[in-house]
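Visitor: Please construct the entire structure, taking both the sequences and the accompanying hints into account.
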Amino acid sequence: MVRSFVVPSVLIALIAGHLVTAVHLQAQRVGVAQQHEELRLFPPEAMRLLALEYRDLVADLIFSRTTSFHGGVLKRGEQLDAQTWRAIYQRLDASSRLDPYFVDPYYFGQAVLTWDAQMPREANALLDRGRRYRTEDWVMPFFMGFNAFYFLHDKSQGAAYLMEAARRPGSPPLAGLLAARLSSESNGGETAIAFLQELEAQTDDQGTKEEIRRRIGALRGIWILEQAVEAYRGRFGLAPVDLTELVKRGVLGDIPTDPYGGVFYLNDQGKVWTTSDLRPVT
Amino acid sequence: MDSIVLDDVTKVYVGHSMANRVAVDHVSLSIPEGEIFGFLGPNGAGKSTAIKILLNLIFPTTGHALLLGKPVADTAIRSRVGYLPESPNFYDHLTPEELLWFGGKTSGLEAGRIKERTDSLLSLVALGRVRHQLLRTFSKGMIQRAGVALALVNDPDVVILDEPMSGLDPLGRKLMADIIRRLKAEGKTVFFSSHILHDVEDLCDRVGIIVKGRLRRVDGLADLLSVPATGWSLIVRATPETVQSHLTGVAASYTTRGGLTEIKTVEKDLAKLLDRLGSLKEALVSAMPERPTLDDIFLQEIDRADGELP
Amino acid sequence: MTHLWPIAKITFLEGLRSRVFFGLFIVALLLFSSTYILSYLFPRDIVKVAVDLGLGITSLIGLILTLFLGTQLLAKDLERRTIHMVLAKAVSRSDYVVGKFAGLSLIIVCSMVVLGGFASVASWTVDRLTADQYGVVHWPIFLLALLMMTLMLMLLASVIFFFSSFASSTFLALGLTLVIYLIGQSVEELKHFLETGAEGVAISPVFLKVVTAAYYIFPNLAVFNFKTHAAHGLSVPLSDVGWSFLYGVFYIGVMLTSAALIFRRREFT
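Chains as they are written, first to last, in the working numbering: chain E, 1 to 282; chain Z, 1 to 310; chain V, 1 to 269.
If you are wondering where the hints come from, they were derived from the structure by calculation, not from laboratory data. Backbone N, C-alpha and C define an ideal beta-carbon position, used for all residues, glycine too. A portion of the hints provided could be inaccurate.
EDC-like, lysine to aspartate or glutamate: derived pairs with alpha carbons at most 20 Å apart [stated by the list, open to error]:
| # | chain 1 | residue 1 | chain 2 | residue 2 |
| --- | --- | --- | --- | --- |
| 1 | Z | K174 | Z | D202 |
| 2 | V | K9 | Z | E97 |
| 3 | E | K155 | E | E190 |
| 4 | Z | K140 | V | E79 |
| 5 | V | K76 | Z | D7 |
| 6 | Z | K212 | Z | D7 |
| 7 | E | K271 | E | E198 |
| 8 | Z | K264 | Z | D296 |
| 9 | V | K191 | E | E45 |
| 10 | V | K9 | Z | D169 |
| 11 | E | K271 | E | E245 |
| 12 | Z | K140 | Z | E110 |
| 13 | Z | K184 | Z | D155 |
| 14 | Z | K264 | Z | E290 |
| 15 | V | K9 | Z | E110 |
| 16 | V | K76 | Z | D296 |
Covered stretches of chain V, going by a simulated chain E footprint (3 or more residues, C-beta under 8 Å) [what the hints assert, rightly or not]:
| # | stretch |
| --- | --- |
| 17 | 103 to 112 |
| 18 | 179 to 191 |
| 19 | 254 to 267 |
Guide: Dropping the structure here:
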């Protein structure tokens, strides 16, 4: 009678012991999990080897997880530090290395690495792969041209990329025009506005689209004011003291508003700028 | 031309540590057409090995073997041979019909003939009802019977059976024995191995005894068993005391079985014994000459082989 | 020669009716139905992902099928001694090897037709339900990818046969073939990587020689992989296809002939 209880009791005791040790270990190894997190991205070449014949799927997977991660961070209202942005860039790069024809990493990279992460060089490094492989795609060199011009202030490089975009099938006539005018334009002006408009059309992400529209709004404001200053000079022979004069003297209907919440003014060099400095005024 | 020839065939398995195993040791055998030959031997004697050499599944180390006059390596000759392996295994997911189709096709039979043979063989081995069932649902006995059908599908001239009775129930054994007799009636050569002596006694024309790879004796069954009687056995319905009292001075041994007494004596004392029994003659149940049975001969050969140097 | 058909046919039936076959198709069906859902997780390259999934699942299931059925149909034949019944009939060792391979190839082709069919339906559905800017399926290359995938699986089957001709157990034959698959899928990548030089990594010339030797000895399976081309509609020069095809045929030939030669001298106790 006693014997029939022994074995089941021992079993229950062992299971209990297992659960206790498992729970303890789980808590103890959280630190290890963080290590795994960091290590999880292998060197790209190793990943290509490990992915065997499933590279395309692995590329898809990495991209999907990267965007989920990014989306998760945004939803929680957290900020992304430079290290995290770097990690995101590396993942996008890894995905595109596994499948360089895959278009999503390039679009996503263009959307976040430029405006948010402020890593335009990395963005172009990523896009360059897209440019080399997606030979029929004008958008890749177009993005690169924009980044070179707008973020990296390298007009000649921007012009070169735009020329390449213009040569690719399906490119808008604008690309060629922009390329031609880039060398003579300064930062801002019609070129930038036209460029930004095209960029907005190519962007999917709503948030980025709004940001670009806001920028367009601000630049248009500046452009209108600069045109008005030129007209004033032409009419009255000298530059206005400040922008309100334009309205007073009837050159302009009213001063455009700065979508960033600042105020347009005329600086010492006689150029139109805004107190917001093209950054949201809080 | 002999149906089966083994000419000084030896098979040596090279062992790991010096020890080589001689499975078949200089075996020579010729089996003429139409004979039923029983290949007798204890487990591990080399029966299966010799048979597999005949079927080119194993290659002899020295010597050669012939089937219907052709070397056993000749693939085509096997279209006239039927083989049933020991404890056969077949593809689980085939039906008997498909199995026989395969056997027929590879033996060069055409579709109509295959159908004919399939129908008749499946009914012969009583598998007609399950002809469309998968072999994995079959019992051991049914598989054995399917194996027989496969062996015979190409109407072979030579039929080689390795332990055909193993795993069969008495009904199955009878069926197998009937088939073998039928084959003989059709003039086929049948070569089968066994360690069940009764079956061999019943069916064979000739018997070969193989122990430890060597062929010890090959004799016609009749010859093997019809040697002069070594003695007599008389059974009397009487108690041993009663018998003994009658037979003083006669060399004999007594054993009791139930209410009967068995008296054993040598040939030359038979007349004297019968005379002495006198009045007990009415109580005589049987009188039989004692001859060595196949059992005895078999065990004798095994003993002799054991006594030899390896 | 005429003996090949009976062997091929019973091999085919045996494989088709085995439970491995059935189970894998259920799994495949479930996986393919996920294609529709998963593709939509992506912003732009939706159809590419559908094609990736379709071809990837086909390839994976095909691989598992080939490995398991391949070993079951040959190595198990030897283990369970079912081969005795075949060889006892007037069938030569070479007939056996080639006939069995034909049977297995037939199963592989049929499987790929079914799996490829599922993959096609899944991809076609996603294609039809999305605007063209999200990609289209390029059917000729899609079919090419399926074709070459099939050839690759047949090559692996021939490797299984080669190993089964002398390996002592099913498990060993399976394991060795799996290793060959892994090597075959990575050897080209590794060789290119070593040849073009890695940033900041010292490469020993001996290692490079070893990898180059491996490249020629082991089957380079990457030449049969056109999944990326199918996903993006990249054009494939006909000569590339031709050479890959020939490579496959020759390698299969070497494997089968070697297996037949080894088999000729093999005994079945």
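Visitor: Does V:K9 pair with Z:E110 here, judged by a C-alpha cut-off of 20 Å?
Guide: 16 Å, holds
Visitor: Next pair to validate is Z:K212 with Z:D7; report whether the Cα-Cα distance is within 20 Å.
Guide: 18 Å, holds
Visitor: Residue count check for the stretch 254 to 267 of chain V against chain E: does it reach three with CB-CB under 8 Å?
Guide: Our answer is that it is violated, as 0 residues pass the Cβ test (under 8 Å) against chain E, missing three.
Visitor: For the pair supplied as a hint, Z:K184 and Z:D155, confirm whether the alpha-carbon distance does not exceed 20 Å.
Guide: 13 Å, holds
Visitor: Going straight from one Cα to the other, do Z:K264 and Z:D296 come out at no more than 20 Å?
Guide: With a Cα-Cα distance of about 17 Å, the restraint between Z:K264 and Z:D296 holds, given a limit of 20 Å.
Visitor: With the threshold set at 20 Å, check whether the alpha-carbon distance from Z:K140 to V:E79 stays at or below it.
Guide: 18 Å, holds
Visitor: Would the hint linking E:K155 and E:E190 be met if the CA-CA limit is 20 Å?
Guide: 15 Å, holds
Visitor: Run the distance test for V:K76 versus Z:D296: straight-line Cα separation, threshold 20 Å.
Guide: 42 Å, violated
Visitor: Does E:E45 lie within 20 Å of V:K191 when you go C-alpha to C-alpha?
Guide: 12 Å, holds
Visitor: Between the stretch 103 to 112 of chain V and chain E, see if three or more residues pass the 8 Å beta-carbon test, and mark the coverage as holds or violated.
Guide: Coverage by chain E is violated for the stretch 103 to 112 of chain V (0 residues, Cβ < 8 Å).
Visitor: Has the given pair, E:K271 with E:E198, been kept, meaning a C-alpha gap of at most 20 Å?
Guide: 26 Å, violated
Visitor: Starting from V:K76, check that the Cα of Z:D7 is at most 20 Å away, please.
Guide: 34 Å, violated
Hints 5, 7, 10, 12, 16, 17, 19, counting from the list given before, are not met by this structure.
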